[in-house]
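Colleague: Chains as they are written, first to last, in this note's numbering: chain A, 449 to 733; chain B, 449 to 733; chain C, 449 to 733; chain D, 449 to 733; chain E, 449 to 733; chain F, 449 to 733.
Bear in mind the hints are in silico, worked out from the structure with no lab data behind them. Worth double-checking, as some hints may not be accurate.
Since the list can't tell identical chains apart, any single copy or any two copies may satisfy a pair.
To be verified - Mimicking BS3-like on lysine-lysine, the simulated pairs with C-alpha atoms at most 25 angstroms apart in a straight line are: (1) LYS500 <-> LYS724; (2) LYS462 <-> LYS724; (3) LYS732 <-> LYS545; (4) LYS462 <-> LYS727; (5) LYS545 <-> LYS727; (6) LYS500 <-> LYS598; (7) LYS566 <-> LYS725; (8) LYS483 <-> LYS724; (9) LYS727 <-> LYS713; (10) LYS566 <-> LYS622; (11) LYS598 <-> LYS727; (12) LYS732 <-> LYS598; (13) LYS622 <-> LYS724; (14) LYS483 <-> LYS462; (15) LYS566 <-> LYS500; (16) LYS545 <-> LYS500; (17) LYS566 <-> LYS545; (18) LYS483 <-> LYS598.
Here's the letter readout for the chains.
6 protein chains.
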Amino acid sequence: MTSTASFPAYASYKNIIVSSPSPFVAHVEINRPQKLNAFTQELWLEFGHVFKQLSGDENVRAVVVSGAGDRAFTAGLDVQSASGDGILFGSQGDIAKKAKVIRNHIEEFQDSIGAMEKCEKPVICVLHGISIGLAIDIACCADIRICASKTRFAVKEVDIGMAADIGTLARLPKLVGSTSWVKDVCLTARDFSAQEALSVGFVSQVHESKQAAVQAAVALATTLADKSPVAVQGTKELLNHGRDHTVAENLRYTQVWNAAAVQGKDFSLGLMSGLKKTKPRFEKL
Amino acid sequence: MTSTASFPAYASYKNIIVSSPSPFVAHVEINRPQKLNAFTQELWLEFGHVFKQLSGDENVRAVVVSGAGDRAFTAGLDVQSASGDGILFGSQGDIAKKAKVIRNHIEEFQDSIGAMEKCEKPVICVLHGISIGLAIDIACCADIRICASKTRFAVKEVDIGMAADIGTLARLPKLVGSTSWVKDVCLTARDFSAQEALSVGFVSQVHESKQAAVQAAVALATTLADKSPVAVQGTKELLNHGRDHTVAENLRYTQVWNAAAVQGKDFSLGLMSGLKKTKPRFEKL
Amino acid sequence: MTSTASFPAYASYKNIIVSSPSPFVAHVEINRPQKLNAFTQELWLEFGHVFKQLSGDENVRAVVVSGAGDRAFTAGLDVQSASGDGILFGSQGDIAKKAKVIRNHIEEFQDSIGAMEKCEKPVICVLHGISIGLAIDIACCADIRICASKTRFAVKEVDIGMAADIGTLARLPKLVGSTSWVKDVCLTARDFSAQEALSVGFVSQVHESKQAAVQAAVALATTLADKSPVAVQGTKELLNHGRDHTVAENLRYTQVWNAAAVQGKDFSLGLMSGLKKTKPRFEKL
Amino acid sequence: MTSTASFPAYASYKNIIVSSPSPFVAHVEINRPQKLNAFTQELWLEFGHVFKQLSGDENVRAVVVSGAGDRAFTAGLDVQSASGDGILFGSQGDIAKKAKVIRNHIEEFQDSIGAMEKCEKPVICVLHGISIGLAIDIACCADIRICASKTRFAVKEVDIGMAADIGTLARLPKLVGSTSWVKDVCLTARDFSAQEALSVGFVSQVHESKQAAVQAAVALATTLADKSPVAVQGTKELLNHGRDHTVAENLRYTQVWNAAAVQGKDFSLGLMSGLKKTKPRFEKL
Amino acid sequence: MTSTASFPAYASYKNIIVSSPSPFVAHVEINRPQKLNAFTQELWLEFGHVFKQLSGDENVRAVVVSGAGDRAFTAGLDVQSASGDGILFGSQGDIAKKAKVIRNHIEEFQDSIGAMEKCEKPVICVLHGISIGLAIDIACCADIRICASKTRFAVKEVDIGMAADIGTLARLPKLVGSTSWVKDVCLTARDFSAQEALSVGFVSQVHESKQAAVQAAVALATTLADKSPVAVQGTKELLNHGRDHTVAENLRYTQVWNAAAVQGKDFSLGLMSGLKKTKPRFEKL
Amino acid sequence: MTSTASFPAYASYKNIIVSSPSPFVAHVEINRPQKLNAFTQELWLEFGHVFKQLSGDENVRAVVVSGAGDRAFTAGLDVQSASGDGILFGSQGDIAKKAKVIRNHIEEFQDSIGAMEKCEKPVICVLHGISIGLAIDIACCADIRICASKTRFAVKEVDIGMAADIGTLARLPKLVGSTSWVKDVCLTARDFSAQEALSVGFVSQVHESKQAAVQAAVALATTLADKSPVAVQGTKELLNHGRDHTVAENLRYTQVWNAAAVQGKDFSLGLMSGLKKTKPRFEKL
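If we strip away everything but chain A, and leave its shape as in the complex, we get (with noise of 0.2 angstroms):
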């Protein structure tokens, strides 16, 4: 693995293992391999802090994300683990009870998926082999995703009788260039492969193996790292911000954002740099 040292900050987390691949970079695993890396709400929970540190911690510029072990991004939900807590199964109860119940539950599990996202840092998202479920769901939090050849997606949900309900629905259509080929693979809930992901625009790499994209995703991280943070945080903010809004409410908050980035010495410094030919050092933000 390409990961070399690890993060002390971040040594308590029990399914997740952080390590930094290079200056300011840092690679998040989830580490479950025996379960085919499989989400418990132990972990799940984990998720969400280790993004909320990364998002506020100036170490960190950028952030590679993938699974432990050969077989698995994750399979999705641990269901076995999901039973015992009695929210899926649980059938006793007042039904407008159970639906608050299950409301607050749906609204913790996207909120800690959904922290990826809100990292303030650019998140790269490696996925290989099985990716099923919840690896959508969270794939579609990352910035930019990468993949092995030979990995196996499906939008799985449906299979088991649900809508998928931790974000895969709102955000896939909007990262991708066929609506026709989201309800297709979200309807039948179909296996689809590496290089049908990469002609839809779903990722943008695709690697032999594994490790060769780990060490692309790590490259590209290492890139980003050497950048203004400033530039970088500021432009997934806006991109974000845009998604959701229209372009005239994106331009005039632009205009509000870069209003206090640009006195940065970020912008300053390079700009001179590129005039001088120079390679800048930025501050940590």
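Using the hints provided, position chains B, C, D, E and F relative to the given structure of chain A.
Modeller: For chains B, C, D, E and F alone, coordinates are given in the frame of chain A:
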């Protein structure tokens, strides 16, 4: 033709045939082949009614729509018929009053075609032959688009001196991955091919003949009809909601939607079948 | 160059040439080739004025925009010129006051470039050579994008320590079919090629040279100029409206728009010409 | 009662009387006084149909709606009737399936009452006596509200264990000037008086008796019926549009709306009559 | 009149007087009293230019706008002048083309009046005498409305056969607390009094004479001009933003806005002055 | 004080007291009376936590919030404490970096106060004495506002050189009926009285003393606590949703919400109790 069983409940339509090629699948055929399936007001009102009926029919879980005959899915509006009712060419009368008549006329037409999008069951549209003008408006209301390899597509309205007003301009840019291409075909009214439609993501399958395309559509519809109707219809609803809302809005709506949906039997049945590797049979919805 | 006739009404611009390569077609050339067509404030203000003038000029029905010279569409902001006016580098002064100055400055710049999008006539942008930074902001405001095969594209702003603020981040994700790709090029500031631009749908034609691209653009503009101006301008308006509205909103707006538009002569003329297979000649708009 | 002439075109409704107290004015009376004008499904479907018919009837320019009899505008839903059709109390069946039935049921009910708001002619609602539950939902769909001094108002739904779902919660906060008051009456389900309704702006006139209130409403409707239908209907449309849009959106929509409207004869006639101090007579719309 | 000092920078306007009754306060007077301050195109273009100039003028911190003379704030559009330019009465020409001309004409007019709302400094509008039609459109663009006790208000447009299109219908319902009242005055075009305007919240002060109202406005403007321009202009911006956005949107925008604003000196100066009970003097903005 | 029983579950807060004056009612007291209940960061974080806890506590159905002591609800931010943590006055450091710190700081503060609005149970806010600055931000997050007759209100932020950023500018205009009044008090920072607050609809009850106001609030909360929690919490949710959505959006959301809610026992129990004139007892939610 694949269709074998008829649907007595849909026998009264004059310009539309509804048959049932497989259980829970309805096949809707626009049936004015001698007029290239051009639309009269009578036809579009029937079209709206059919899809409202299908939406509420628990014996239908997936719909295929196609045009009868070999020559055309539809050549669009039946201009001769439209001329007769005075809406298009009546030059008399007060401009403000005519504006009101036209507005209400377009609204009725939009609502009739849009009933296909509002139909709670997934709709697969099969295009072949001449598929111009209104054909694109209709196709844009489907969930999945499939076509024959010789299909001749065009957003034709500019060539009759008007901006398309039954939905193509509203929906097409949200279905495909290149606005430059959308504007090209909408402004020039030029023909485009099945291959071009596939490469921009407008259709997701191209078959060598109309017959092969209909067969593929029926097979796909049959797959959908085997799945949980709660999951399939919920997925369609949440995807359509997402097109017109921010991610945050859609996530909240999803919480509230699934708070009732996952209390139904389909979810526990689907989940159990997944664990036990059995094939579930879902109740009508 | 294809352009032959000049437009006297546009003779006073210093940095922009406007000619008329065919009837009702205007060709706008950014004309600072010795500076790689880099933009000074004088140039962007002229750019805004040109497009406001074209928007209201009934002798213009379609516009081609390109950069003069062989080397660049534009290399972006003229940094030396910008340095001189103190906006970028003035380190003195109250932060809140500077924030206001910067906000208003960005707004003026956005409005000038955005005038191309607001222009009621369709605009075809021809990119060639160096097409970085502001070049992308500008291209995103066009309706159709065409490029030469050797074009060097880049969303370059991150490399000068800032998030792009003249429109690329607002518009690019809505023009193409892969958000993963958009974030890659916007966050890394890397170059991308004409072929890549075509494959993601950013441009819809690639030609072997700038000259061939301009010829193709003029031919396309000529085609548009032959069509009903009511239909063409309405189509542009309704497509642009649709980008920033829900489908339901756009459908209603379309009703109200066409309630006046189809009462004009273009519609009856277009319809009749279609029936009679004659070529219509439309009046000025 | 003020009403004198009957409207033959509206004679077939069973639970609603439509008369014409003055030219171009329609008076709609909810007519189940022996049941306190409580609503059955038959009644609300008729209610929706009446207003769709009035909307398209060029002999109607303004509408007054009131409840027959002395005791109530309406006491709300006819609970006994509702119990009979199984929607409310049917405890059998799958929860997800029942959710779908309930959703569609509420939608039908909302659409029927909302037809009054969608009616293109202004509607004046006269409230008296018992005006609780559905009475508020209905009143909120009117343009102008007038009441008798002894009217007993209440947003009553919380007292039957549910949140109001036919429109009060959507519309009431947008009609009056104190959210603290809105939440007080909606959460407590307490009665409020005509005077209180006037002071918060819910009604704009209070009269000493139902008869006086109806007379005032008819007089007001007669005033509206004398004015330009193009102006009156346009004003209603633009005000309703404005409620759900930003100011900028509404201004643009207004441009497009009036681009046809002021080309009609009403505008030149109205303008000339104003200059000449004559009373214009407008054509039907 | 309170105004004493003149503003040389504003001396060139023909129909508008700008004076300075106290430091940092501008008093804008609509100055066609012999025509009841009716608006020609020349006047409304000047009106727009004045407010754009005031918005960028660091010597102005608060603005009072009133009408010259005793009889009218403004009687609205100068119909005779408008007739002359052919826009209103020109009956010739293609309907679609005229629709475009009218659309652009209304947009220019809306933009000119709306410049008062966009002005970054707070504007206090003083109404007196005849204040009908356009007077309401203008008043709605102000931040604070004050009037003389004898003011005669009316939303007059329906009486000339048209729906108001310069902003009253867009803004008035968002300024006051009773939609029933808004629709009453907009649909009937009836007069309403200063007292009625106060009771529905349209104005927030009524004074016995125009002179007293102007004095009160100048006093209020002087109060505002003593305060931090960063705080005052930010408050106006955030309140106006909030009108057209959700609470969540406005809260986020506020974060970004204040991230620059509170780094300015006004905040530390204001905070210190508050602690030390001294009166701060703020720098120009 | 009315409060009698304590809530052990809330015993650990340092600056906030939570007691239970009647069953299912919680009384939250801001408890720094010696500092006029001014807010430190510790206090606002506790404030957020309390309301998150109350939101999920099935033993709480309605909440009263007030300030401890006789002198103040709250005098706003504790400026001395804020100075200490360096956020407000730290003049060192990069402007872009400080902008990020400030943004995140305001967001944390907004989220903490906004937790009261997000609390699923209705909240009644009792204001008395000094109620300025943050007091208004907090009050705007409550559902119902009640005050003592001597309350001194002010939107005070302009007087410390900043635009209010914790929610007053976002929410106040949507709570009351006169924008002219809102801008007056927000721009001038002047005091306003209980009577003025009542007349514009900011509060809905004024009582002669703080004690009387708290008693009235507890009585009102007790009334709410007796009602169906499904109905009460649903009503709060749908009203809050409606504030930020169009009527059509809210109606659809209501359908989906009630599709689960009316399947609960509260609805059948409430309906039956209404028919039988008995008093229902609802289960915890």
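Colleague: Work down the list of hints and note, for each, if the structure agrees.
Modeller: Against the structure, the hints come out as follows:
1. Proximity of LYS500 to LYS724 under the C-alpha cut-off of 25 angstroms is found in neither arrangement, the shortest distances being 37 angstroms within a copy and 38 angstroms between copies.
2. For a Cα distance limit of 25 angstroms, the shortest separation of LYS462 from LYS724 qualifies neither inside one copy, at 48 angstroms, nor across copies, at 30 angstroms.
3. In this assembly of identical chains, the alpha carbons of LYS732 and LYS545 lie at most 25 angstroms apart only when taken from different copies (8 angstroms versus 48 angstroms within one copy).
4. In this assembly of identical chains, LYS462 and LYS727 lie within 25 angstroms of each other by CA distance neither inside one copy nor across copies; the values are 39 angstroms within and 36 angstroms between.
5. Within a single copy, LYS545 and LYS727 get their C-alpha atoms only as close as 60 angstroms, which misses the 25 angstroms cut-off; across copies the closest is 21 angstroms, which meets it.
6. Neither within a single protomer nor between protomers do LYS500 and LYS598 lie at most 25 angstroms apart by alpha-carbon distance, with minima of 31 angstroms and 43 angstroms respectively.
7. Proximity of LYS566 to LYS725 under the C-alpha cut-off of 25 angstroms is found in neither arrangement, the shortest distances being 34 angstroms within a copy and 37 angstroms between copies.
8. Only between protomers do LYS483 and LYS724 lie at most 25 angstroms apart by alpha-carbon distance; the minimum there is 18 angstroms, versus 53 angstroms within a single protomer.
9. In this assembly of identical chains, the alpha carbons of LYS727 and LYS713 lie at most 25 angstroms apart only when taken from the same copy (15 angstroms versus 34 angstroms across copies).
10. Taking identical chains as interchangeable, the C-alpha atoms of LYS566 and LYS622 lie at most 25 angstroms apart whether they share a chain (17 angstroms) or sit on different chains (20 angstroms).
11. For the identical chains of this complex, LYS598 and LYS727 are neighbours neither inside a copy (38 angstroms) nor across copies (27 angstroms), given an alpha-carbon limit of 25 angstroms.
12. Proximity of LYS732 and LYS598 under a CA criterion of 25 angstroms is satisfied in neither setting, with 38 angstroms inside one chain copy and 38 angstroms between copies.
13. Taking identical chains as interchangeable, the C-alpha atoms of LYS622 and LYS724 are never at most 25 angstroms apart, the minima being 40 angstroms within one chain and 35 angstroms between chains.
14. In this assembly of identical chains, LYS483 and LYS462 lie within 25 angstroms of each other by CA distance solely inside one copy; the values are 14 angstroms within and 43 angstroms between copies.
15. In this homomeric assembly, LYS566 and LYS500 come within 25 angstroms of each other (Cα to Cα) both inside a single copy, at 8 angstroms, and across copies, at 21 angstroms.
16. Within a single copy, LYS545 and LYS500 get their C-alpha atoms only as close as 31 angstroms, which misses the 25 angstroms cut-off; across copies the closest is 18 angstroms, which meets it.
17. Taking the shortest Cα distances, LYS566 and LYS545 sit within 25 angstroms of each other only across copies (18 angstroms), while inside one copy they are farther apart (30 angstroms).
18. In this assembly of identical chains, LYS483 and LYS598 lie within 25 angstroms of each other by CA distance solely inside one copy; the values are 19 angstroms within and 49 angstroms between copies.
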